[in-house]
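Trainee: Our numbering numbers the first residue of the sequence shown as -13 and each following residue consecutively.
Be aware that one or more of the hints could be misleading.
As the list claims (entries may be wrong) - Subject to a maximum C-alpha distance of 25 angstroms in a straight line, what follows is the list of computed DSS-like cross-link-like pairs (lysine-lysine):
1) 544 x 145
2) 544 x 559
3) 564 x 552
4) 544 x 530
5) 552 x 575
6) 367 x 530
7) 48 x 58
8) 575 x 564
9) 146 x 552
10) 513 x 530
11) 146 x 564
Since the hints were made in silico from the structure, they are not lab data.
Just so it is clear, the structure is predicted and the values come from calculations on it, not from any experiment.
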Amino acid sequence: MLPYAGWLSWLIPTVGSLFVPLFFKLGKKIGEWYSVAVVAVAAVFSVSMIPEAWGYGRQVIKIPWIPLGGGKWIEASILIDPLSVLMASIATGIGTLIVLYSIGYMAHEEGLPRYYFFILFFIGGMTGLVMAENLLQLYIFWEIVGLCSYALIGFYYRKKEATHAGIKAFVTTRVGDVMMLLGILLLFISFGTFSYSGLAEILHEGAAGGSLDMGMLTLSLLLIFGGAVGKSAQFPLHVWLPDAMEGPTPVSALIHAATMVKAGVYLVARMIFTVVPLEVFSPAMLSDWYLTIALIGGFTAFFAATMGLVTSDIKRVIAYSTISQLALMLTALGMASETGLFGGVFHLLSHSLFKALLFLAAGAVIHAVHTNNMDEMGGLKRHMPITFWTSLVGILALSGVPPLSGFWSKDIIITASLEAGHVVAYLFIIGASILTFIYSLRWLYKVFLAPPSPHVQNHHIHEAPPVMTIPLIILAASAAVIGFGEPLIADYMGIHPSKPPLLTYLSSAAILLIGGGIGYIFYIGGKVNPESVRLSPVGATLHKILLNRYYIDDFYYKAIVGGLDKLSAVIYKFIEVKIIDGFNYTLAKVATAFVQIFRNIQTGESNINISGFIIGIAILILLFLQFLLG
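Make a model of the complete structure from these sequences and hints.
Mentor: Below is the structure:
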């Protein structure tokens, strides 16, 4: 491990972001390559910690931070263990490729110093979040990540849609953040520490002695899970993520693959991995918490996948996919087993690779055709072969086709649901996976394999420059081989997942046959025209519901936003106008009347003024003499 790697892995991009404007003053290329170098160096420090963390190696480094009095401190601390190092390596490693890609994608954009400042600050915030060893420190970085996402989603601030999307993301995730903060404070009030290790020790002793209030602990964990629901865009706080596609495509890749949305999954995994470990807290002890995670995750996985079937925006399809895949990770964690824990974390790694790949491939396509609408694409395989073949790897990995990464990680999630005997979660996983394969093939067909649209025919389409295709190739190669490292990663994590039973393989085969078959019939093979289904009475109704996102956004805008607007109007009318303003006006009238009484004394005649002055002096002299004579 390199010296001070735990600190420098997040300090380098965080502090380095402050110097971005200075380097851009020296030149655009200097500023861009400085940004790449900063994140790459942070990645080197992150990866250097892997040997230290291997096999559940664990190291905590602390320094005094906030004095509490009586010689006690809240300490700033970092945790070097398999989970934190894996997450830091993902954030900085994939972050490096995304920043490199940005040189090509953002070449002709305005506001580049602002863009790269927030990108580096974003990566630094996420790395600091996963390296933190206490909940207070984690929460500070959690909010930094939220701030950066707001700034980057709304990067094109002259566009009303982008500004609104940034605000929507910020406000929606705040709902979960408030719940999370309440959960953290409840734990601190109850146990007097924010530290993971401190909480684990106290909770372990309480559980062993039978003195632990499990209801309070469950409530705290449920509130903290609320933060994960917001950050990882789970139902019912999922509405911000599709609109976040208004930001630049590299930002979408960073949010979905390396930073923000992974924070929620990490938080739940951290609780299970460190604070309430399975060897101390059996599934029965925290059954309500685990069941909530499993049901919200399973439902969201299927729910989001249905919306991915109908949207025509190349990035929004991938966004719905992200919501669904994050939900699969949480479903796995909700199975309350080592297999589920490993499945959730391994799928997080797998997803980071193929999701970054798909977003960057989508960016290359948008860069070439200047539209996000898949109906205006088609026939791009011939013009953009590197983008096509790397996209194919990403699509097949997302769909769980062997031997690519998604196949291995999804099989572990299916195994965890079977092992737990959780039939509802199992059915949600299978259903979501079938739909994933269908919309993935639809995406591939519409973008690359369909007949060229008039829009494509009227443009000179060309492959993206090397600075954009090199990250695609690296990510595609990684997504292709990482699955073979499953035993090695399990050994690194110090987790021993169960071997998949025969039913797992049969389930995977069913997913591929049903999902792939439907996708082939409707899109790749062109056996059935999907328009004929969409225009049928049932199909038209379903299509409208899905296209309008089940009208959940409409409900939020009318019931919550509209309701708050009406409440604000009532408060303004009765409290602001009638009470506060009424009091002020009444006070002014009383003061005016009071002044009017004394105003008559001031006649403006000099003899009266002089008389008043003499009388006043005489009174003061008498008072002074009385004071002296006692």
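Trainee: Evaluate each hint against the coordinates.
Mentor: Now the hints, each set against the structure:
1. Only pairs whose Cα atoms come within 25 angstroms are accepted, and residue 544 paired with residue 145 is accepted, the gap being roughly 23 angstroms.
2. Between residue 544 and residue 559 the alpha-carbon distance is near 21 angstroms, which keeps this suggested pair within the 25 angstroms criterion.
3. The suggested pairing of residue 564 with residue 552 holds, with an alpha-carbon distance near 17 angstroms, which does not exceed 25 angstroms.
4. About 19 angstroms separates the Cα atoms of residue 544 and residue 530, which keeps this hinted pair within 25 angstroms; it holds.
5. For the hint pairing residue 552 with residue 575, the CA-to-CA distance comes to about 32 angstroms; that exceeds 25 angstroms, so the pair is violated.
6. Between residue 367 and residue 530 the alpha-carbon distance is near 31 angstroms, which puts this suggested pair outside the 25 angstroms criterion.
7. In summary, the hint linking residue 48 to residue 58 is supported, as the alpha carbons are separated by about 13 angstroms, within the 25 angstroms threshold.
8. With a CA separation close to 15 angstroms, the supplied pair residue 575 and residue 564 stays within the 25 angstroms bound.
9. The hinted pair formed by residue 146 and residue 552 meets the criterion: a straight-line CA distance of about 23 angstroms does not exceed 25 angstroms.
10. Note on residue 513 and residue 530: the hinted pairing holds, with a Cα-Cα distance of about 24 angstroms set against a maximum of 25 angstroms.
11. Simply put, residue 146 and residue 564 have alpha-carbon atoms about 35 angstroms apart, too far for the 25 angstroms limit, and the pair is violated.
The structure shown violates the earlier hints numbered 5, 6, 11.
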